[in-house]
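A.B. asks: These are the residues of each chain, in order.
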Amino acid sequence: MIDLFAFDFMQNALFASVLVSVICGVIGTLIVINRMVFIAGGIAHGSYGGIGLALYFGIAPMLGASLFALFLGLVIAYITHQNSTRIDSLIGVIWAFGMALGIVMTDLTPGYNVDLMSYLFGAILSVSNEDIYGMSSVFVLVLAFALLFYKQLLAMSFDAQFAKLRGVNVTLLYFGLVLMTALGVVIVIRAVGLILVIALLTIPPYIAEKMTNSMGSMMLISSLLSVLFCVTGLVLSSFFNLSAGASIIMVGSISFFIQFLYSKWRT
Amino acid sequence: MQNDIEINNLFFSYDGTSVLEDITLQYNSKDFLAIIGPNGGGKSTLLKMMIGLLQPLQGEVLLFGKSPLHVSHEIAYVPQDTIANKDFPIKVLDVVLMGRLSKSKFFAPYSKEDYAIAYEMLDKVGMKGFENQKINALSGGQRQRVFIARALACDAKIIFLDEPTASIDTAGQMSMFQLLKTLNKTVGIVIVSHDVNVALNYATKVAHVNKTLYLHDVSKEESFTLAQNPKEHICPIELICARRCNHLHKELL
Numbered sequence: 001m002i003d004l005f006a007f008d009f010m011q012n013a014l015f016a017s018v019l020v021s022v023i024c025g026v027i028g029t030l031i032v033i034n035r036m037v038f039i040a041g042g043i044a045h046g047s048y049g050g051i052g053l054a055l056y057f058g059i060a061p062m063l064g065a066s067l068f069a070l071f072l073g074l075v076i077a078y079i080t081h082q083n084s085t086r087i088d089s090l091i092g093v094i095w096a097f098g099m100a101l102g103i104v105m106t107d108l109t110p111g112y113n114v115d116l117m118s119y120l121f122g123a124i125l126s127v128s129n130e131d132i133y134g135m136s137s138v139f140v141l142v143l144a145f146a147l148l149f150y151k152q153l154l155a156m157s158f159d160a161q162f163a164k165l166r167g168v169n170v171t172l173l174y175f176g177l178v179l180m181t182a183l184g185v186v187i188v189i190r191a192v193g194l195i196l197v198i199a200l201l202t203i204p205p206y207i208a209e210k211m212t213n214s215m216g217s218m219m220l221i222s223s224l225l226s227v228l229f230c231v232t233g234l235v236l237s238s239f240f241n242l243s244a245g246a247s248i249i250m251v252g253s254i255s256f257f258i259q260f261l262y263s264k265w266r267t
Numbered sequence: 268m269q270n271d272i273e274i275n276n277l278f279f280s281y282d283g284t285s286v287l288e289d290i291t292l293q294y295n296s297k298d299f300l301a302i303i304g305p306n307g308g309g310k311s312t313l314l315k316m317m318i319g320l321l322q323p324l325q326g327e328v329l330l331f332g333k334s335p336l337h338v339s340h341e342i343a344y345v346p347q348d349t350i351a352n353k354d355f356p357i358k359v360l361d362v363v364l365m366g367r368l369s370k371s372k373f374f375a376p377y378s379k380e381d382y383a384i385a386y387e388m389l390d391k392v393g394m395k396g397f398e399n400q401k402i403n404a405l406s407g408g409q410r411q412r413v414f415i416a417r418a419l420a421c422d423a424k425i426i427f428l429d430e431p432t433a434s435i436d437t438a439g440q441m442s443m444f445q446l447l448k449t450l451n452k453t454v455g456i457v458i459v460s461h462d463v464n465v466a467l468n469y470a471t472k473v474a475h476v477n478k479t480l481y482l483h484d485v486s487k488e489e490s491f492t493l494a495q496n497p498k499e500h501i502c503p504i505e506l507i508c509a510r511r512c513n514h515l516h517k518e519l520l
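Just so you know, the sequences run in chain order A and B.
At position 148 of the first sequence (counting the first as 1) the number is 148 in the numbering used here, and the numbers step up by one without a gap.
In short: position in the second sequence from 1, add 267, done, that's the numbering used here.
Derived from the structure by calculation, the hints contain no laboratory data.
Only a predicted model underlies this, so the values are computations on that prediction, with no experimental measurement involved.
Do not rely on the hints blindly, as some may be mistaken.
Claimed, not checked - Short, incomplete list of chain B residues facing chain A, as computed with Cβ under 8 Å:
| no. | residue |
| --- | --- |
| 1 | His340 |
| 2 | Phe355 |
| 3 | Lys401 |
| 4 | Gly408 |
| 5 | Cys421 |
Stated by the list, open to error - Interface residues of chain B toward chain A, partial, derived using beta-carbon atoms under 8 Å:
| no. | residue |
| --- | --- |
| 6 | Val338 |
| 7 | Asp354 |
| 8 | Arg410 |
Quick reminder that beta carbons are idealized off the backbone N, C-alpha and C, glycines included.
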């Protein structure tokens with residue numbers, strides 16, 4: 001097993017796993033306690049439209065996806081802020097629109113056929129150094145955001161009205177959170193794929209939430225759980241020659257079911 | 268003298284349906300104001316306008332002579348006990364610390380003084396020893412006490428409470444109101460309640476809101492008489508019907 005991690009691509013994959021895990025642990029905690037999982041899902045799927053547009057206009061796909069995800073984030077934050085009763089349907093529309101736009105635009109792009117599967121399940125074993133730089137910057141941004149605004153984020157997540165009355169600019173903070181989510185989701189998709197992002201954003205925080213009584217330790221436990229899932233998944237995938245992304249998700253999902261049944265059995 | 272809360276000819280509607288009409292009210296912090304009235308009568312809406320969470324369609328609300336959102340650091344709000352997320356990872360002490368948000372430095376963690384105040388306020392509401400419990404492991408009444416401690420930690424001059432006893436049993440309700448009554452010696456209390464008895468036994472002013480507002484004074488002498496003679500009481504019917512009237516109706520007994 002030590003031999004396995006002697007390969008460059010494996011080291012990159014491992015390093016990417018750690019970065020991704022922390023980004024997902026921090027953002028995931030915030031979106032789970034704010035009940036924004038569906039919003040993250042909408043942005044993640046919708047950002048495929050950005051890839052399609054980028055291919056069509058001949059710019060870097062990741063740049064297109066990031067810009068498009070930030071744009072969708074702004075739209076979604078604006079909609080949820082204005083009208084909080086019909087958000088689910090509206091996000092559903094954005095979700096589907098983004099994916100369809102992405103596929104139509106790649107259809108229209110001559111001579112190039114992007115692999116939708118790698119977008120869905122990622123390619124953690126082929127993470128490049130540039131990807132690592134991108135992830136590292138988002139990693140720093142997300143950590144800075146969570147640390148600097150920790151008090152305010154906790155207050156907003158727990159009781160937004162009270163936070164507002166205590167002088168927290170809840171609107172700005174909420175927009176900030178949605179944009180951080182968009183940025184985090186996109187940069188992580190490149191390496192591990194859309195499905196794994198959603199899995200890592202929801203499963204570890206969901207398990208961690210039951211184990212702690214503070215938001216900070218929920219972030220920490222989520223990050224550690226994600227690292228555990230990623231490493232276990234990677235090892236299993238190389239031993240049994242399976243897809244890395246899907247193996248990681250399987251490990252996470254099985255842990256989720258075990259935890260779920262255990263908590264049901266205990267009560 | 269300037270009133271702490273001054274509401275002048277306020278109107279409000281949701282999507283064209285009129286909810287509040289021509290509301291006028293003066294309030295001073297020494298009073299215990301109970302806002303009562305039927306469901307959908309506009310009690311909570313009025314409260315939200317008093318603290319600036321909603322803007323009136325017409326008319327004005329002044330808190331300490333200013334617009335509510337400009338003085339939000341001088342007031343505190345205790346919401347209804349509706350916790351949607353049962354597993355929210357936060358302990359009692361951290362909830363109370365939130366009351367120090369506007370007093371503490373923006374980027375820094377809470378100071379020692381903030382912690383000292385949080386501990387003191389938990390003691391004040393009788394929740395000492397619960398600091399490290401998960402907030403949702405508490406009972407409804409205990410949770411409301413924590414929210415009151417959080418409001419006290421704000422250093423507020425007036426505390427607004429929306430149905431603080433909705434999910435509490437009768438004994439718990441009585442001790443909650445007793446607590447509020449004690450707190451009223453130093454801080455203004457404005458409470459929304461559907462319970463007429465609260466108004467009669469603890470409030471010094473009762474506002475009945477059902478689209479329009481009628482204000483009743485419950486003077487000390489009357490409360491005293493009430494305690495002395497259970498047969499001679501403020502007639503709840505007049506509160507429910509919301510008519511201006513003299514409070515003691517001996518002729519009805």
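A.B. asks: Would the stated hint for Phe355/B survive a check requiring a Cβ distance to chain A of less than 8 Å?
C.D. replies: holds, 6 Å
A.B. asks: May I ask you to test the interface hint for Lys401/B with respect to chain A, counting a Cβ-Cβ separation under 8 Å as satisfied?
C.D. replies: Given a least distance of 4 Å, the restraint on Lys401/B holds.
A.B. asks: Restraint: Val338/B near chain A, CB-CB cut 8 Å. Satisfied or not?
C.D. replies: Cβ of Val338/B sits 10 Å from chain A, so the hint is violated.
A.B. asks: Would the stated hint for Arg410/B survive a check requiring a Cβ distance to chain A of less than 8 Å?
C.D. replies: Status violated, d = 12 Å.
A.B. asks: Was the hint right that Gly408/B lines chain A, CB cutoff 8 Å?
C.D. replies: violated, 18 Å
A.B. asks: Let me know if the C-beta of His340/B comes in closer than 8 Å to any C-beta of chain A, holds or violated.
C.D. replies: holds, 6 Å
A.B. asks: A closest beta-carbon separation below 8 Å is what the hint needs, so does Cys421/B meet it against chain A?
C.D. replies: For Cys421/B, the interface hint holds, since the closest Cβ of chain A sits about 7 Å away, which is under 8 Å.
A.B. asks: Taking 8 Å as the limit, does the beta-carbon of Asp354/B come near enough to a beta-carbon in chain A?
C.D. replies: At 5 Å from the nearest chain A Cβ, Asp354/B passes the 8 Å test, so the hint holds.
When held up to the earlier numbered hints, the structure conflicts with 4, 6 and 8 and fits the remainder.
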